[in-house]
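Q: Each chain, letter by letter, is given below.
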Amino acid sequence: DAKTTQPPSMDCAEGRAANLPCNHSTISGNEYVYWYRQIHSQGPQYIIHGLKNNETNEMASLIITEDRKSSTLILPHATLRDTAVYYCIVRAPLLGTPLVFGKGTRLSVIA
Amino acid sequence: DTGVSQDPRHKITKRGQNVTFRCDPISEHNRLYWYRQTLGQGPEFLTYFQNEAQLEKSRLLSDRFSAERPKGSFSTLEIQRTEQGDSAMYLCASSLDRLAGNEQYFGPGTRLTVT
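Sequence lines, in order, name chains A and B. Under the numbering used here, the first residue of the first sequence is numbered 3, with each subsequent residue one higher. Under the numbering used here, the first residue of the second sequence is numbered 334, with each subsequent residue one higher.
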């Protein structure tokens, strides 16, 4: 079973920041937080991951709370092409363990 | 680097037939994963390889499912005696264990329809 909890859906206006929350209260010390997204009928796309520090790349920012029990993925300027299902996953990477997907958050970016 | 590729992209077969899917990972990626995704659900893990060794196969859905990675490069997933319940998207992902995050990169998937 997935170790994360996400809202089933969210809307965001085009050009605004999209903030997607994720709860992972049972995360272990060696587990990272990963975010993937899946645009309709495509394979999941890796977005970002982090352990305990905030992370930023060209796609998004990841904010992890100090107790690591929750995180937020931020898309700073959402576009229509960001409409997708976003998955938050916790995983210990060094063991090569597979990703365990929940149902994710369906983000709809509205013009 | 062209990313993970999968072939075919779509497969329609009749119940009872065997099907085989191919996955070519990103070059130099030593880990390769297979997942299955049904409508409205997140991907579900099936099996994975580190180089040519299959490290986990207990999640394969039945003994009709098998996977190989004979030379540690491409992989095949075979389903024997297909059933209508096998209709799904089959996804392949690869990763490099030297990367700290060991993030997985997915292919476009093979959509199987069993009639």
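Fair warning: there could be bad hints in the mix.
Calculated lysine-lysine pairs in the DSSO-like style (CA-CA distance at most 27 Å, straight line) [as the list claims (entries may be wrong)]:
| no. | chain 1 | residue 1 | chain 2 | residue 2 |
| --- | --- | --- | --- | --- |
| 1 | A | 105 | A | 71 |
| 2 | A | 5 | B | 390 |
| 3 | A | 54 | A | 71 |
| 4 | A | 54 | B | 344 |
| 5 | B | 347 | B | 404 |
| 6 | B | 404 | A | 105 |
| 7 | A | 54 | A | 105 |
| 8 | B | 404 | B | 390 |
| 9 | A | 71 | A | 5 |
Rough simulated footprint, nothing fancy, chain B against chain A, three-plus residues with beta-carbon under 8 Å [said to hold, decoys possible]:
| no. | region |
| --- | --- |
| 10 | 12–25 |
| 11 | 60–71 |
| 12 | 104–112 |
No lab work stands behind these hints: they were computed from the structure. The model shown is predicted, which means the values in this text are computed figures rather than measured ones. Built from N, CA and C at the ideal position, the CB exists for glycine as well.
Q: Hints first: check each against the structure and report whether it holds.
A: Taking the hints in turn, this is what the structure says about them:
1. A distance of roughly 19 Å separates the Cα atoms of residue 105 of chain A and residue 71 of chain A; the hinted pair therefore holds under the 27 Å criterion.
2. Restraint check for residue 5 of chain A and residue 390 of chain B: the C-alpha separation of about 22 Å stays at or below 27 Å, so the hint holds.
3. Straight-line distance between C-alpha atoms of residue 54 of chain A and residue 71 of chain A comes to about 10 Å, which keeps the hinted pair within the 27 Å bound.
4. Taken as a hint, the residue 54 of chain A and residue 344 of chain B pair is broken in the structure, with Cα atoms around 43 Å apart against an allowance of 27 Å.
5. For the suggested pair residue 347 of chain B and residue 404 of chain B, the alpha carbons sit about 31 Å apart, so the restraint of at most 27 Å is broken.
6. A hinted pair counts as satisfied when its Cα atoms are at most 27 Å apart, and residue 404 of chain B with residue 105 of chain A does not qualify at roughly 35 Å.
7. Taking the CA atoms of residue 54 of chain A and residue 105 of chain A, the gap is about 24 Å. The hint holds against a cut of 27 Å.
8. Taking the CA atoms of residue 404 of chain B and residue 390 of chain B, the gap is near 18 Å; set against the 27 Å cutoff, the hint holds.
9. Only pairs whose Cα atoms come within 27 Å are accepted, and residue 71 of chain A paired with residue 5 of chain A is accepted, the gap being roughly 11 Å.
10. Look at the region 12–25 of chain A against chain B: 0 of its residues bring a Cβ nearer than 8 Å to a Cβ of that chain, fewer than three, so the hint is violated.
11. Only residues whose beta carbon comes within less than 8 Å of a beta carbon in chain B count, and the region 60–71 of chain A has 0; fewer than three means the coverage is violated.
12. For the region 104–112 of chain A, the stated coverage by chain B is satisfied: 3 residues place a CB nearer than 8 Å to a CB of that chain, which reaches the threshold of 3.
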